[in-house]
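J.: Given chain A, work out where chain B should sit, using these hints.
What follows is each chain in one-letter form.
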Amino acid sequence: MSIQVDHVTKRFGTFTVLNDVSLHVEEGELVALLGPSGCGKTTLLRILAGLERPDQGRIFLQGTEVTDQRISERRVGFVFQHYALFRHMTVADNVAFGLTVLPRTQRPSETRIQEKVRELLGLVQLQAMADRYPSQLSGGQRQRVALARALAVEPKLLLLDEPFGALDAKVRKELRRWLRRLHDELHITGILVTHDQEEALEVADRVVVMHQGNIEQIGTPDEVYENPANPFVYRFLGDVNVFHGRVSEEQIEQERSEGRSGGTSERAGEREVTFVRPHDLELSRSRTNDDQVEATVRTVLTAGSRVRVELMSQISGQAIEVELTKERYRELAVGEGEVVFVHPRHRRVFKMPPP
Amino acid sequence: MRLMLKQPSVLPGFGLTLGFSVFYLSLIVLIPLSGLFVKTSTLSWDQFWDVITTPRAIASYQLTFGASMVGAIINGLFGSIIAWVLVRYRFPGQSLVDALVDLPFALPTAVAGITLAAIYSPNGWIGQYLDPLGIKVAFTPLGVLVALTFIGLPFVVRTVQPVLQDLDREVEEAATTLGANRWQTFRAVIVPELWPALLTGMAMAFARAVGEYGSVIFIAGNMPLKSEITPLLIMTKLDQYDYTGATALGVVMLVTSFVLALAINLLQWWSTARHMNQ
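Listed in order, the protein sequences are those of chains A and B.
Counting from 1, position 180 in the first sequence corresponds to residue 191 in my numbering; the numbering is continuous, with no gaps.
Counting from 1, position 142 in the second sequence corresponds to residue 144 in my numbering; the numbering is continuous, with no gaps.
If you are wondering where the hints come from, they were derived from the structure by calculation, not from laboratory data.
Fair warning: this is a prediction, and the values are worked out from it, not measured in the lab.
Possibly wrong hints are sitting among the right ones.
[Unchecked claim] Some, not all, of what chain B presents toward chain A, calculated at C-beta under 8 Å:
1. V165
2. D168
3. D170
4. E172
5. T178
6. N183
7. Q186
8. V191
[Unchecked claim] Derived DEER-like restraints, expressed as beta-carbon distance ranges:
9. Q167(B) / E213(A): 37 to 43 Å
10. T258(B) / D79(A): 39 to 45 Å
11. K181(A) / L13(B): 30 to 36 Å
12. F188(B) / D79(A): 19 to 25 Å
13. D168(B) / K181(A): 56 to 62 Å
14. E38(A) / D168(B): 36 to 42 Å
15. R115(A) / Q167(B): 23 to 29 Å
16. R64(A) / L13(B): 48 to 54 Å
17. G213(B) / T116(A): 49 to 55 Å
18. Q138(A) / G17(B): 30 to 36 Å
19. F188(B) / A314(A): 50 to 56 Å
20. L13(B) / E213(A): 45 to 51 Å
21. Y131(B) / F71(A): 43 to 49 Å
[As the list claims (entries may be wrong)] Over 10 Å on every C-beta distance to chain B, these chain A residues come out as not near it, computed from the model:
22. R64
23. H93
24. G109
25. V112
26. A163
27. H222
28. Y340
Glycine included, C-beta positions come from ideal geometry on N, C-alpha and C.
Okay, chain A solo, but in the shape it has when bound (with noise of 0.2 Å):
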């Protein structure tokens, strides 16, 4: 189902939680709500589910409006972060509810809603798990018969509220993926809330980055992190390095004489910030072109699979991070307190307005 969220303005009080916020999803894709905690995410989601009114703005499924709809009419599965099971209700009592209270010249009989449960607890994989109670699984466990739950009345929308939150980062994982093809099986429209920048760039198809009640930028995920349209969204999609002022005086002219920056209607007091992510900042022991930074290695990290390397500028003494391979580390062979000259493979300069 295709959603059109039309210049929603939604208010807590006096505190802005969406403002005029428009966006459009289409049928069949999964788009991840991306945002730190308190930037209107979930309440986005909430009013695209109907559990919140939107003060302004209206909302479309599937072309028609449903702004004043109830929530039972909008055939939504919302799926919560704490999984919010009935836990008085088995698992297969809680994958039927949804059909239980179907009125009853809709509702299948009774041996349909059973054959549909044990459906159901085969795509998340829980049969055996039909007769516990929710207390008796565990939280990955809980949050798959949230899902199958949620699906038993095979919504047209999926809507996902931070779903693997309250999960520890290897189930996260799991799910995650388990959920990416679930989707490529099912293909149901969805969108998924989320603060956890990795988990919007592997499961959406587009990831949809909200700051303060404002969308920041829309975009697959390449575009998003490749190509992020302010410093916000930037800063949010992975770590970064930040040069105040400039790297090198050169370089910023450099910018100049390119156009990148277009610095000719540069406004008095507008600074110029540079951002590098720490990947993209090359080392080397000699300086083999102007365009460098010398300084001196803090600390060497070099758990994982890539060795990190914190640094301190000889110039402004602020610390730089930079993410080697293992190879490029073993050829370099820098130790702790050398010297080094610090080179950006790629850079982002965004202008700021004066402090």
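T.: Coordinates of chain B only, in the frame set by chain A:
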């Protein structure tokens, strides 16, 4: 081999606190209650049976336990509604209503009895409208029911309220997104969550009602075989210096109350244990 009475624990003072608990409970509860049995045991079994099965005694049991049970059920229903309103809605004067709930706790029972008798008597505030309809409240078993309902209300409200407060709103929202209407959500999701607390509250209201004396005697009329409660019958026997007869009736009340309380506890245990075992 040492008898393992306790699990090793990092919390100190197990022996001391358990010892104190047993001592205190003996002093306050067990010793006075056993006195009841000791005194009663001066009767032979036949005498005992005769005392506790007189028509007057049986009528009083029926009224005491029956009215207490009905009162507890009424309180279960309306107490839940009051708890619901107090937890779920914000309205002016809320703290006043909240305080009113405790009034039956705080009021001396005799005051409650006199007040109820006054307003429900045929020329009282409420009684004058009920009388033409043929409904007599004061000085009838119905009056007993009114008094027992009055004193039991806070127990239900105060036990249901915190549970309702802690109820996870998301569970209700989940039910709603699954298509359940308000009534289905209430019946299938909220009631099972409240049930154990509601049972406790009703059990407490019932227990209180069984032992109630002060508020009932003023409104009951105290006609033998009709509107006489067992505690009053015990008082009557005491007035006639029939101490063993009084304790015999006391034993009946004690045993019955204990059995009922145990039954309610078992019911409660059964309704929670099923899904709470981690």
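J.: Now look at each hint and say whether the structure bears it out.
T.: Tested hints:
1. V165: Constraint on V165(B) not satisfied, violated at 13 Å.
2. D168: Check failed: Cβ of D168(B) comes no nearer than 13 Å to chain A, outside 8 Å.
3. D170: holds (7 Å)
4. E172: Hint holds; E172(B) Cβ to chain A Cβ min 4 Å, cut 8 Å.
5. T178: Since the shortest Cβ distance to chain A is 5 Å, the answer is holds.
6. N183: Hint on N183(B): holds, closest Cβ of chain A at ~7 Å, below 8 Å.
7. Q186: Status holds, d = 5 Å.
8. V191: With a minimum Cβ separation of about 6 Å from chain A (threshold 8 Å), the hint on V191(B) holds.
9. Q167(B) / E213(A): 37 to 43 Å: For E213(A) against Q167(B), whose Cβ atoms are near 39 Å apart, the range 37 to 43 Å holds.
10. T258(B) / D79(A): 39 to 45 Å: violated (57 Å)
11. K181(A) / L13(B): 30 to 36 Å: With a Cβ separation near 34 Å, K181(A) and L13(B) satisfy 30 to 36 Å, so the hint holds.
12. F188(B) / D79(A): 19 to 25 Å: holds (24 Å)
13. D168(B) / K181(A): 56 to 62 Å: violated (31 Å)
14. E38(A) / D168(B): 36 to 42 Å: holds (40 Å)
15. R115(A) / Q167(B): 23 to 29 Å: violated (35 Å)
16. R64(A) / L13(B): 48 to 54 Å: Roughly 50 Å apart at Cβ, these two residues keep to the hinted range, so it holds.
17. G213(B) / T116(A): 49 to 55 Å: holds (52 Å)
18. Q138(A) / G17(B): 30 to 36 Å: violated (50 Å)
19. F188(B) / A314(A): 50 to 56 Å: holds (54 Å)
20. L13(B) / E213(A): 45 to 51 Å: holds (46 Å)
21. Y131(B) / F71(A): 43 to 49 Å: Taking Cβ atoms as reference, Y131(B) and F71(A) lie about 57 Å apart, which means the hint is violated.
22. R64: holds (14 Å)
23. H93: At about 6 Å from chain B, H93(A) fails to clear the 10 Å cut-off, so the statement is violated.
24. G109: About 4 Å separates G109(A) from the closest Cβ of chain B, which leaves it inside 10 Å; violated.
25. V112: violated (4 Å)
26. A163: violated (8 Å)
27. H222: holds (25 Å)
28. Y340: About 47 Å separates Y340(A) from the closest Cβ of chain B, which puts it past 10 Å; holds.
Of the hints listed earlier, those the structure fails to meet are numbers 1, 2, 10, 13, 15, 18, 21, 23, 24, 25, 26, in rising order.
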